[in-house]
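Going by the working numbering, the first residue of the sequence shown is number 1, and it counts up by one from there.
One or more hints might be untrue.
No more than 30 Å apart at the CA atoms, straight line, and that leaves these computed lysine-lysine pairs for DSSO-like [to be verified]:
{"no.": "1", "residue 1": "Lys180", "residue 2": "Lys192"}
{"no.": "2", "residue 1": "Lys249", "residue 2": "Lys129"}
{"no.": "3", "residue 1": "Lys232", "residue 2": "Lys174"}
{"no.": "4", "residue 1": "Lys145", "residue 2": "Lys232"}
{"no.": "5", "residue 1": "Lys145", "residue 2": "Lys129"}
{"no.": "6", "residue 1": "Lys174", "residue 2": "Lys129"}
{"no.": "7", "residue 1": "Lys192", "residue 2": "Lys174"}
{"no.": "8", "residue 1": "Lys232", "residue 2": "Lys249"}
{"no.": "9", "residue 1": "Lys180", "residue 2": "Lys129"}
{"no.": "10", "residue 1": "Lys145", "residue 2": "Lys133"}
{"no.": "11", "residue 1": "Lys133", "residue 2": "Lys232"}
{"no.": "12", "residue 1": "Lys192", "residue 2": "Lys129"}
{"no.": "13", "residue 1": "Lys249", "residue 2": "Lys133"}
{"no.": "14", "residue 1": "Lys145", "residue 2": "Lys180"}
{"no.": "15", "residue 1": "Lys145", "residue 2": "Lys174"}
{"no.": "16", "residue 1": "Lys192", "residue 2": "Lys133"}
Ranges of calculated distance between the beta carbons of each label pair, as one might list FRET restraints [as the list claims (entries may be wrong)]:
{"no.": "17", "residue 1": "Gln282", "residue 2": "Gly157", "range": "19 to 29 Å"}
{"no.": "18", "residue 1": "Asn130", "residue 2": "Pro237", "range": "37 to 47 Å"}
{"no.": "19", "residue 1": "Asn130", "residue 2": "Thr170", "range": "31 to 41 Å"}
{"no.": "20", "residue 1": "Pro117", "residue 2": "Lys192", "range": "33 to 43 Å"}
{"no.": "21", "residue 1": "Gln274", "residue 2": "Ala177", "range": "39 to 49 Å"}
{"no.": "22", "residue 1": "Glu247", "residue 2": "Gln181", "range": "22 to 32 Å"}
{"no.": "23", "residue 1": "Ser244", "residue 2": "Lys129", "range": "32 to 42 Å"}
{"no.": "24", "residue 1": "Ala270", "residue 2": "Lys249", "range": "33 to 43 Å"}
{"no.": "25", "residue 1": "Glu247", "residue 2": "Pro195", "range": "31 to 41 Å"}
{"no.": "26", "residue 1": "Leu250", "residue 2": "Ala293", "range": "17 to 27 Å"}
Calculated from the structure, these hints are not laboratory results.
Even for Gly, the Cβ is constructed at its ideal location relative to N, Cα and C.
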Amino acid sequence: MGITSSSARRVRRAGSAATAVVLGILAVSGSPALAAADGSADKPAADAADKPAADAAKKPAAASADKPAAGEASGSAASAGSAGSARSAAGIPPAISRLAQGPGRTVAITIDDGPDPRWTPQVLDVLRKNHVKATFCMIGTKAQKYPELVRAVAADGHLLCNHSVDHDVTMDHKPVAYQKQQILEGKAMIEKAAPGVPVGYYRAPGGAFTPDSRAIAAASGMRPLGWSVDPKDWSRPGLPSIISALEDKLPQQPTVLFHDGGGDRSETVAALGQYLPWLTAQGYHFAFPARTAP
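Full structure from sequences and hints, please.
Structure (structure tokens):
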């Protein structure tokens with residue numbers, strides 16, 4: 001039997017009502033998490049870590065400062081959209097920065113897990129002798145304990161980066177409120193140690209970023225900071241291994257990861273002493289990591 005025009009109108013109205021209900025449900029539940037703003041999808045920390053997550057679980061958070069990771073961990077879908085936006089309200093992109101500032105052959109040196117009363121002064125001495133400015137990613141509790149070292153780093157013209165309150169490499173699996181506390185209190189601790197010195201970057205412990213943590217950092221004026229070269233000096237593989245990893249196929253405008261805390265850093269000091277002159281001989285210029293560029 002044929003369908004009358006009035007029947008067809010009733011069917012179309014029913015279909016529109018059903019569509020509205022589905023859209024309402026999707027709006028309440030939230031859309032799936034978006035890819036990380038730097039082009040790489042957020043992924044579990046266990047996949048991203050340079051050492052198995054089980055190793056970190058065996059050690060307290062402070063002791064696990066030895067273990068960075070290259071990837072970014074998953075976060076809540078609710079904030080993925082804000083983390084993927086072009087810039088935060090503070091004008092800082094939430095995408096992870098992995099490039100040195102400026103055109104041409106530039107390289108950014110970054111130093112993690114300090115300050116440490118034994119190793120930070122030695123690292124500063126090598127940087128000073130080679131006329132290099134670096135970015136120091138500091139753990140809040142260590143900055144609180146050794147404020148004079150934070151001020152010494154700043155006095156030499158280096159930049160400060162927040163590496164969280166106590167280097168909890170599992171914070172990507174913790175509630176957003178906990179991540180926010182780790183990020184903002186870590187920043188406050190560093191700022192208190194060196195009043196008036198800006199903290200312009202945030203590097204997640206073990207590279208365990210989430211969309212939430214990136215958005216929180218950017219909103220408070222800190223560019224999420226990654227790296228593109230990791231010689232794994234934190235694992236003390238031996239000086240030849242570190243140098244080989246540093247000099248092998250450097251990417252464009254590299255950001256290089258070193259450590260001045262979390263353990264014996266004698267190999268790091270020796271590696272910097274060889275690597276910095278080598279970079280200069282290769283025609284590289286030293287710069288800070290990109291902060292406002294996408």
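The hints, checked one at a time:
no., hint, verdict
1, Lys180 - Lys192, "holds, 18 Å"
2, Lys249 - Lys129, "holds, 26 Å"
3, Lys232 - Lys174, "holds, 26 Å"
4, Lys145 - Lys232, "holds, 26 Å"
5, Lys145 - Lys129, "holds, 27 Å"
6, Lys174 - Lys129, "violated, 42 Å"
7, Lys192 - Lys174, "holds, 26 Å"
8, Lys232 - Lys249, "holds, 16 Å"
9, Lys180 - Lys129, "violated, 38 Å"
10, Lys145 - Lys133, "holds, 24 Å"
11, Lys133 - Lys232, "holds, 21 Å"
12, Lys192 - Lys129, "holds, 29 Å"
13, Lys249 - Lys133, "holds, 23 Å"
14, Lys145 - Lys180, "holds, 22 Å"
15, Lys145 - Lys174, "holds, 26 Å"
16, Lys192 - Lys133, "holds, 22 Å"
17, Gln282 - Gly157: 19 to 29 Å, "holds, 23 Å"
18, Asn130 - Pro237: 37 to 47 Å, "violated, 23 Å"
19, Asn130 - Thr170: 31 to 41 Å, "holds, 36 Å"
20, Pro117 - Lys192: 33 to 43 Å, "violated, 18 Å"
21, Gln274 - Ala177: 39 to 49 Å, "holds, 44 Å"
22, Glu247 - Gln181: 22 to 32 Å, "violated, 40 Å"
23, Ser244 - Lys129: 32 to 42 Å, "violated, 23 Å"
24, Ala270 - Lys249: 33 to 43 Å, "violated, 22 Å"
25, Glu247 - Pro195: 31 to 41 Å, "holds, 39 Å"
26, Leu250 - Ala293: 17 to 27 Å, "holds, 20 Å"
Violation of the numbered hints given earlier is confined to hints 6, 9, 18, 20, 22, 23, 24; the remaining hints are satisfied by the structure.
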